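*Asks:* Single-letter residue listing:
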Amino acid sequence: MNEKMKSHIEKLFESAPKTRKAFELKEELLVNSEERYQDLLTNGVNPEDAFKNVVSSIGNVSELFLGLEEMSPEGREEQESRTRKIAVVKTAAAGLYILSVIVFITLTLVDGFTYSNVNITSLGLILMLLLAMIPTCMLVYISSMHPKYRRTEDTVVEEFKEWKSSTVKTKSVKSATICVAWTFIILIYFVVSFATFAWYASWIIFLAGACVHAILELVFRLKELRQ
Amino acid sequence: MSITSDVIRGHTEPIILAHLLEGDSYGYQINKEIMEKTNNLYELKEATLYTAFRRLEQAQLITSYWGDQEVGARRRYYSITSKGRDVYQEYKKDWENTKAILDTLIK
Chain A
1 MNEKMKSHIE KLFESAPKTR KAFELKEELL VNSEERYQDL LTNGVNPEDA FKNVVSSIGN
61 VSELFLGLEE MSPEGREEQE SRTRKIAVVK TAAAGLYILS VIVFITLTLV DGFTYSNVNI
121 TSLGLILMLL LAMIPTCMLV YISSMHPKYR RTEDTVVEEF KEWKSSTVKT KSVKSATICV
181 AWTFIILIYF VVSFATFAWY ASWIIFLAGA CVHAILELVF RLKELRQ
Chain B
1 MSITSDVIRG HTEPIILAHL LEGDSYGYQI NKEIMEKTNN LYELKEATLY TAFRRLEQAQ
61 LITSYWGDQE VGARRRYYSI TSKGRDVYQE YKKDWENTKA ILDTLIK
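Going line by line, the protein sequences match chains A and B. The first sequence maps to residues 1 to 227 in my numbering. The second sequence maps to residues 1 to 107 in my numbering.
If we strip away everything but chain B, and leave its shape as in the complex, we get (with noise of 0.2 Å):
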């Protein structure tokens, strides 16, 4: 499992990108897709997913706002930019030839 969810907290951010391609959303809903997807065997810290929030929001990939909740705080959603959507792309292509290379590596 260690291994895992190194592997997988090395990809935090185009999991978060993936995300929001569907719709808008805000870190808990993110996180809480990620455990539903994964059967529970997989979450984010909440640190990893702020990081990784700032670093993508300085490289312009995601922008944010401020939802206007009637009862209780605000939340803060997210929403991906055309900028994110092209790296996304990109990284989507990355992948799909690391995981070939390591499929043929480790058998």
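So here's chain A without its partners, still in its complex pose (with noise of 0.2 Å):
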């Protein structure tokens, strides 16, 4: 392979997409330019002319690059209106989420201003958790929704990114289930305590909760092995 040639063509992919199409396209165009130059040779041209013959009938390459990149104008719009969708959802999530704290406090206040037999203070709290779960649910759903990093290249690094991602994709779901799980049993323990007033032995709730958040860690990393 005539070297001339060789870094001649390298360099004119420089400014080409790292993807495997141009790759293909490179060794394409080298073996068709190699032989070019060579059945120059054998009728006689020589050397320097038969290179400046081969680097004219190339052409303007640029044209060529634009087909070896990434994704279409639709498919761009479509990810950024679903980005644009996730924000909004993300923020009503923590707008709720202050709500619940907000509900809490006011509460909290009623109560010291107030004098009734039904506790104020344990009311709101529980009316905290409940508002906290709409907004919890909310991310759970975005987490699942939000699609897995589709591929625009062929590249090793494109594989790398669609690994990493569907890894930290089932990671937020572990974590969103589990937070879900967690506000599930404080709001039992405070319903079965208020309902029972047997505070002495409704702890053993949060005893259950922790055996049924190893469960859902064992159920995860099986699904994960399973993969």
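Derived from the structure by calculation, the hints contain no laboratory data. Be a bit skeptical, because a hint or two may be false.
[Claimed, not checked] DMTMM-like, lysine to aspartate or glutamate: derived pairs with alpha carbons at most 20 Å apart:
id, chain 1, residue 1, chain 2, residue 2
1, B, 93, B, 22
2, B, 45, B, 33
3, B, 32, A, 34
4, B, 45, B, 57
5, B, 45, A, 39
6, A, 11, A, 34
7, B, 45, A, 10
8, B, 32, A, 49
9, B, 37, A, 39
10, B, 83, B, 13
11, B, 45, A, 49
12, B, 32, A, 35
13, A, 21, B, 68
14, B, 37, A, 35
15, B, 45, A, 27
16, B, 32, B, 43
17, B, 45, A, 78
18, A, 21, B, 57
19, A, 4, A, 49
20, B, 32, A, 39
21, B, 45, A, 34
22, B, 92, B, 6
23, A, 26, B, 68
24, B, 45, A, 35
25, A, 90, A, 78
26, B, 45, B, 6
27, A, 26, B, 86
28, A, 52, B, 43
29, B, 32, A, 27
Values in this document were obtained by computation on a predicted structure and should not be read as measured data.
Bring the two chains, given one by one in their own frames, into a single complex with the hints.
*Replies:* Here it is as structure tokens:
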């Protein structure tokens, strides 16, 4: 292989996207250019002129690179609108979390001013946890809806990104599920305690909760292993 | 000459299809045959050729595969699909009509 030509073509492809398609095109161009060069030499053209001829025959490659690039504009648009939707839901979830805290604080204040036989502070706590469940569910939904990272280019880097994104995704689903589970456990604790006033025994619910957590952990691990 | 090459370049894709009708081929060979057939009056730029290949491949009019040369680098061969044959026949009909019209207009 003529080194001069090889380096010329390498240089042409410097600005090309680093994809498999681009690599194949380079290989194709190299082989064909080499053959043309050899043909010219056998026809008695001197190497200098032959090289010039080959270089000029390649023409403008920049238009070729356009076809080697990533995704279509529609795909990009779709992804953008999805990102926007996710942002809206996340913002709403954050708002609901704050609201739940405000409700709790308000009820605590109300408790300080009124005298009733119902423990308003505890009621506020239950209400806060119930309210907090809504944004938690929203976040779980978003994280499971979030599309897997789609490969835009056929490269090793993209494959790595895809792999990474899928592990991140399972991790986020896992943590969201555990978060919801603990919210439920705390809720059950208060409901049971207020209903039965068996505070001396109801703490056992937390032990059960830890057990549920361990089971969830195990389920996710098994799922991971199966993949 | 500039008008001629512009007009011809607009028909790169059917020219490639016509060559592939005679059998599978690769970039340089197609270009060489074009030069031979036109007595070195016309040749395609490599860039034009590959752009056309990609477009034809995307339209599923041709497919490509890598040859297995024993010596040297691999060549990329192209072959025409049945859809490609159909499109080529359509194109030929269109071209006959265009040629007839041009012949009556430019004398």
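*Asks:* Of all the hints given earlier, name the ones this structure violates by number, lowest first.
*Replies:* Hint check: 17, 27 fail, others pass.
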